[in-house]
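Going line by line, the protein sequences match chains F and U.
Heads up, the first sequence is in this note's numbering, so the first residue is 1 and it goes up one at a time.
Heads up, the second sequence is in this note's numbering, so the first residue is 358 and it goes up one at a time.
It should be emphasised that the hints constitute simulated quantities derived from the structure, not laboratory data.
A virtual CB, placed ideally from N, CA and C, is assigned to each residue, including glycine.
Check before you lean on any hint, since a few could be wrong.
Per the computed footprint, the stretches of chain F lying under chain U, defined by three or more beta-carbons under 8 Å from a beta-carbon of chain U, are [to be verified]:
| # | region |
| --- | --- |
| 1 | 32-41 |
| 2 | 153-164 |
| 3 | 167-173 |
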Amino acid sequence: MSKPRRGDKQPEFRPGTWLAGNGPENDIAICTRVRLARNLQGFPFSPCLDETESRQLFDFIVARLQQTGLPEQLKIVDLLPVEELERTVLVERHLISREMAATKRPGGVAVDAEESVAVMINEEDHLRVQVFAPGLQPAAAWQRAERLDDALIQRLPMAWSEEFGFLTSCPTNTGTGLRLSVMLHLPGLVWSEEIDKATNVAQKIHLAVRGLYGEGSRALGDFYQVSNQVTLGRDEAQIQNDVLLAVGRMVQWEREVRGALLRGSARVRTLDKVQRALGTLERAQILTSEEALGCLSALRFGIAAELVQGYETAAVNRALLLSQPGHLQRHTREVMKPEERDQRRAVLLREVLGCAR
Amino acid sequence: MQYCTACQKAIATTIIMDLDNGAVTGSQHVCQACAEQLGVGAPKAPPKFSAEMLEDLLGGIKQPRGRGKASDACAGCGMTPAEFRSKGRLGCPRCYETFRTELMPLLQRIHEAQAHRGRMPAVVGAIAAQPDERSLADVRKRLEDAVRGERYEEAARLRDELRRLERGEAS
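Given only the sequences and the hints, what does the whole structure look like? Please build it.
As structure tokens, this is what we get:
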């Protein structure tokens, strides 16, 4: 474990675990995330802490994380000196929440080298443990989170009760504090206009369907997050089963719809959509982040369905990340106006995808 | 009644005494204005129970933060039932007991359940000593007594002890 540091200044091309592009069902399930909400006794919950108390909490947790024997090698980033652009980059990499990036309260995040584990300190809860695994792997992600949670429980006096389980700031997280989410790429369901039906089914069995960046974010580029809503009264194994069952069905549904989109008269329309997207990526001079996400989504589908050759899913995943405003500006090492960004994005995506000529 | 020795115009309200080893070696009677000019303001009412002082001392048991002073506020963080209802968030672990009656139907609505199933620190084992509720209650009571008796040094010491205990550190 190293000392707290400022955010890395180097341009970052590694997409991080959540966009690694491998793992089971990776053509549709991009990544699985386990999130645990934990709080300490002896401190009010984070939203009620003043600056001094926040600092005390942060220092206390960091000291305990730095004790030996933690199952993960974590690097601690003190967020206070981190400027806005770097914060945006951390949000885009799913290492901190948008809320955390916006606050000036003392806090930070402990991250492993692969960015597959990120522990937010002093977010809405004192601790938000996140573990990412590529593809659909709830069990693997859970086991890793559980091991880390065991070690944290040994080091920190967690707030809990036999009746309510882990006590959290918001009652929507009380109990297990576990939110298991799977990020899905569902162009088939979107294009065939079955996505509303699919999300309604998920919601009926108490699963939340959200956009790429969690609560309140829109589903851009056909990317959706499916997660459990109930955290109280169902144990961790049941929650995993609930999510796995629902996501399994959605994956199967997406496969069937994709199959239909590639058959008969539908095939040429699908091919047209994919090729137009590719044409835009290859030729456009101005690309907004929304349009870029839409094109990249179509290209990702095109690669999975073998409609296009010469492009790699891994490159598309990198492009997805680099087309985000924070990464784009950090990569070019300058803060740009939205229109300059859109021009730069068009050029950069060609480089990343390997179609720069 | 005596006129101010400095301006000779106003009635003296303040006596400035020169002290040498406890013995008065000289004195000066001055009016309010001259006293202020000399940097000796009118003596203020003794700070019997300043809000900050009390808040600081009671940090371990209640943090009114200038708002939740109602008797039904949470003793852990000072959150009032009205605040809890408007935000729908709890202020500290103790709020779960304080707002229990309001919380139960809320949990039922969100989770269709009111009791936990699953992992618990005690089951995980080897937990960093759960705070002993009896000694916590004991220290809390001694702290309240100390504050009531205006024994601030003792109260500050007890507050720190309480915080340590709550965090599961050895006192």
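Verification of the hints:
1. 32-41: That given contact holds, which follows from 3 residues of the region 32-41 of chain F lying within Cβ reach (below 8 Å) of chain U.
2. 153-164: It holds: at least three residues are needed, and the region 153-164 of chain F offers 12 whose Cβ sits within less than 8 Å of chain U.
3. 167-173: Since three or more residues must qualify, the claim that chain U covers the region 167-173 of chain F holds, with 6 doing so at under 8 Å.
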